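Here the protein sequences come in this chain order: D and S. If you count the first sequence from 1, position 82 lands on 94 in our numbering, and the numbers rise without skipping. If you count the second sequence from 1, position 83 lands on 259 in our numbering, and the numbers rise without skipping.
Hints should not be assumed to be uniformly reliable.
Claimed, not checked - Just so you have them, the derived chain S footprint on chain D, three or more residues with Cβ under 8 Å: (1) 65-75; (2) 87-96; (3) 143-149.
Quick caveat, the hints were computed from the structure, so don't treat them as lab data. Note that the structure is a prediction, hence the values are computed from the model and not measured. Glycine included, every Cβ here is placed at the ideal spot set by N, Cα and C.
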Amino acid sequence: MTSMYMKLLMKKATKYYWFLILIAGILYSTPSRAQNDDASQVDTTLTDNQMAAFSQQAKDDVIDFAGHVKHIADKNISTYLRKKYINNALALFSDPDVNIVEVSSLKDPSVIVRPSIKEYLFRLMNLPYTKVNITWYNFKISGFQKGKDGNYYATAMIFQKFSATVGNTEIHKQVNNWVKKSIQISLVKKQSYNGVKPADYWDVKLGDIHVQEATL
Amino acid sequence: MNIVFFGPANSDSTNNHYPKDIQDIVEPIQDACTPKQDLTFYPLNILRADIGEANKIVLDYENNKATDYTKIKAVERSLNKFFEKETAPAWLNTAINKNFDFNTFLSQDKQKNETFIFSENPQPIAGIKSFDNINDLRNAVANLVCEKKVSKIIILYKPANTDAQVQIKDSVSNSAPAASSPAAPVPITLPVKATTTARVATRHPVYSGNLAQNMQNLVNGTLNAEEKEVLKESILKKFDPDAKVYTYNRNTATGVKNIHAYLESLIVTPDNITRIVAIDSAKKFEDGKIYDLYVHETTNEKGN
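Sequences are here, hints too, so could you generate the full structure?
What follows is the structure, encoded as structure tokens:
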């Protein structure tokens, strides 16, 4: 009985022998091939000219986001359009579900809440004011610094003025606050497939937004 | 409170004004009154058809055995007056939302109803208030709703027919003009701002003969967000739906966006920013649709 079982086992092992060799070969060769690919990639160091170009692009993206924020908050624009603007604004961020925005309280600037960027923009669209005006200005951006992961990082600084009118036509109450905010920016190397071969490109993305100073 | 909204449906891919405007009117009004008013909206879709078909809209509700034909006729007359002087637009057709219960609508209390027209170029009709500004219309409706002055409101919505208005040359500004293209852009006529709800001058977005000029008109300028949307739609007709816009800076490709997102980013450019768009080149399919556009931008904060 035992010898019959052993024979059956040997028969099965022989049947799958070549398959097992094939799997082992693939497992062995994959790391070395990946290393070769890494070695063939273009150097990840940017020239000064490229750094300047991407700094300008990062600044443009911050300005772009500022424009979206202003329009999303604008009650004179249709909800349909403002929702489209939200989607566009979210596309500027590396991870809109994870990236946070620090928001200081209008009543007490020391009180700060941290919604995700996605949550923040939807709240912005539905603020309980009759009129909302958000303006970002004094756009400054630090130079990109290379991180340990090979990507580049920078920080943008802006000032935000928020004003809103609450109540109906009889009662007007104006609220104003000024906030200095910093925005993390990453420049990440990515790869796309252009139909013929993989192509590397750099992608500028916005990240967390922090409050630096807030005043009423 | 019942509100009937006659307008083109969002299923018409060439004209998507309807969803934005129904939301534009409905959503703010929902919260406008204190305490909140219970509103019921009946959007009636009108799609691609002859003008004569539009006149039958209300009569089609005979199938619902509406009892008060006087009121039905009143709505019908409003529609007749609304459409009779118009050239039949492409979107006009009769397609009725069967969820609309006209019996319920008519069997409310006996208070009179109010009819508004929202159109880019509203024709004055006795007894019907015309608006060319969505905010004015919204305020007027909200006022009636909050004050409970009427039980029913009818809004006839006639959006701008972009097909008829938009004429955009297939040229790229930084390229040499084609032989058949005009050497100089079409003169720009500034839009006239409507100041009254009576007969008003048509307020058209600004169009010029080249792509860069049209794109530049999306940035800041005199057009409001809604008008820029109309201009954007006209620009999009020259692009493949999946077209990409590549931004260049110092001979480095720094970003890529879908054409829709790119044009919308131009629209939302903050007022305190100067943004100049220059087109380097464009790649087109055989049918002339642009699929890759290469642009160079210069942005500066005003005052800096």
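Right, here's what the structure says about each hint:
| no. | hint | in the structure |
| --- | --- | --- |
| 1 | 65-75 | holds (count 8) |
| 2 | 87-96 | holds (count 8) |
| 3 | 143-149 | holds (count 3) |
The structure fails none of the hints (numbered hints given earlier).
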